[in-house]
Amino acid sequence: MEAAASCTAMNRLNFPSTSLPHRLSHHLHPPSSFPPPWKQVNPKVAIFLTFRHNTRTSTLLSIATHCSPKPNTNANSSSNSEQDQNPPGNEPNPSTEFQSLTDKCRSFSPPPSSSPSSSSQIVSCSRGLVLDLGPESSWDSAEVGSPVVKRFLSDDEERWYMWYHGSSGGELDGLDSIGLAVSSNGAHWEREVRSPEHAGLVMRCSKDWWAFDTAGIRPCEVVVMSSSKVRAAGAVYWMYYTGYSSEKVNYLENSLDFDLENPERVCGRSDNGNIFQSLPGLAISQDGRHWARIEGEHHSGALFDVGVENEWDSLFVSSPTVVFHSNGDLRMYYHSFDKEMGELCIGIARSRDGIKWVKLGKILGGRRGCFDECGAVNAHVVRDRKDGKYFMVYEGVDSNGGRSIGFAVSNDGLKEWRRPGEEPVLRPSEGEGWWDNRRVGSPYLVQLEGKESEWRLYYRGVGNEGRTGIGMAVSEGSDIGCFRRWTCFHI
Numbered sequence: 001m002e003a004a005a006s007c008t009a010m011n012r013l014n015f016p017s018t019s020l021p022h023r024l025s026h027h028l029h030p031p032s033s034f035p036p037p038w039k040q041v042n043p044k045v046a047i048f049l050t051f052r053h054n055t056r057t058s059t060l061l062s063i064a065t066h067c068s069p070k071p072n073t074n075a076n077s078s079s080n081s082e083q084d085q086n087p088p089g090n091e092p093n094p095s096t097e098f099q100s101l102t103d104k105c106r107s108f109s110p111p112p113s114s115s116p117s118s119s120s121q122i123v124s125c126s127r128g129l130v131l132d133l134g135p136e137s138s139w140d141s142a143e144v145g146s147p148v149v150k151r152f153l154s155d156d157e158e159r160w161y162m163w164y165h166g167s168s169g170g171e172l173d174g175l176d177s178i179g180l181a182v183s184s185n186g187a188h189w190e191r192e193v194r195s196p197e198h199a200g201l202v203m204r205c206s207k208d209w210w211a212f213d214t215a216g217i218r219p220c221e222v223v224v225m226s227s228s229k230v231r232a233a234g235a236v237y238w239m240y241y242t243g244y245s246s247e248k249v250n251y252l253e254n255s256l257d258f259d260l261e262n263p264e265r266v267c268g269r270s271d272n273g274n275i276f277q278s279l280p281g282l283a284i285s286q287d288g289r290h291w292a293r294i295e296g297e298h299h300s301g302a303l304f305d306v307g308v309e310n311e312w313d314s315l316f317v318s319s320p321t322v323v324f325h326s327n328g329d330l331r332m333y334y335h336s337f338d339k340e341m342g343e344l345c346i347g348i349a350r351s352r353d354g355i356k357w358v359k360l361g362k363i364l365g366g367r368r369g370c371f372d373e374c375g376a377v378n379a380h381v382v383r384d385r386k387d388g389k390y391f392m393v394y395e396g397v398d399s400n401g402g403r404s405i406g407f408a409v410s411n412d413g414l415k416e417w418r419r420p421g422e423e424p425v426l427r428p429s430e431g432e433g434w435w436d437n438r439r440v441g442s443p444y445l446v447q448l449e450g451k452e453s454e455w456r457l458y459y460r461g462v463g464n465e466g467r468t469g470i471g472m473a474v475s476e477g478s479d480i481g482c483f484r485r486w487t488c489f490h491i
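So that you can map any letter, position 266 of the sequence shown is 266 in UniProt numbering, and since no number is skipped, the others follow by simple counting.
Treat the hints as calculated values from the structure; they're not laboratory data.
There may be inaccurate statements among the hints.
What the hints assert, rightly or not - Okay, derived cross-link-like pairs now, DSS-like style, lysine-lysine, Cα gap no bigger than 27 Å in a straight line: (1) K389 to K359; (2) K415 to K389; (3) K339 to K389; (4) K207 to K356; (5) K248 to K389; (6) K248 to K415.
Claimed, not checked - Across the chosen pairs, the derived CB separations fall in these ranges: (7) C488 to W210: 21 to 31 Å; (8) L153 to G466: 14 to 24 Å; (9) K207 to E297: 29 to 39 Å; (10) E449 to D353: 23 to 33 Å; (11) K415 to D353: 49 to 59 Å; (12) E340 to E136: 30 to 40 Å.
Just so you know, even glycine gets a beta-carbon here, dropped at the ideal spot from N, CA and C.
Assemble the whole structure, with the sequences as input and the hints as a guide.
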């Protein structure tokens, strides 16, 4: 692969020593056609973005950040030398064996008399479930969620990617990591098997003590970018994610009558009223599997900090999802807890380059007497290809802490958001034993290319004993405000 330009050498990363080109501001745009992302690539090109030295006292340098070819970027690596990287001739094999998760449509038999207690047991009443927990002892055997789904089309095949978070529930409460599953139809998903316990794993928490993402990472959006400043074989994947640190934030003094639960990352069952501090992060990849963190301007490496005292987002920043509006105009939607109003709210920030962000304030909160009375979290926003309107799906929190999925629409994607009705577009399943009968949330909306009236809604469901899974619902014709859980279709 031809190098985009040459860069300054630094410790742990090898770069040729020459000048650095201008930053990528105003040159980012979605590619006209996506390259087949499921082919393995051994990255050898530097992407020119802002990087900060690991030493906290050093000054910010404009240098190139290298895309690591290792799947667990900044993770448990025994060495940082070139010998740790894949040598020539040992690139990942595109035909790597895959582990099948859903070989056929699940049965819909009545639930057994006793609920399953082991993650290895089959979940009954699994309508809509498309990604279950990993096998026992795997990295995602205790929890999965935060689906981020992309569909790619080529001349001869269709491929779907799903990035998601998972944890094992082992030591340190099983720190969240990020995994990848692939599919040919968006319903039957497979984890790539590198080793039985690490099937699908692509990114771990940071091991740098000063970083904002040492206690958990969860994907929020993947934006496929290309740039006139970068000459590479394909576009670059930009993953925006939530990073959690060990710092605790207390919210009980702020009037909620219930305890926040995941995906806000509670600090253990006995630590009532505390959640882990969270901030937004960015990582890049050339193949969707091997990720390199991009350090923002915050001293912890995050893209930006929480608001100052008395601002609505002064406690934490979570779930940054990004929409490419036009060249030089990206919008980020995120949520926090407004102490003054006593509710969870969604806010917006704008950027010219996807790295430096300017906050514009909150745009959506709770409604008295509705399913989202205590607020809205985990928003996902897409732009309708048919009429250019912005659609938002979000996780609504009711007065008892219950979770359902709501819907809002805006003409410009900024501050004029309206909710068409008072009911959610998807509620938890009714009846004991269903896999998602306790709560549904972390929605992700996909508009099918070439079928503008067809939408899919991926979401995280919670069932008996807190068991989690990832589900899919489909729109009823052209009505995006009405979804039904997927059952089965013939391929």
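Self-check item: Hints violated by the structure (listed by number, smallest first)
Solution: Numbers 3, 5, 6, 7, 8, 9, 11, 12, in rising order.
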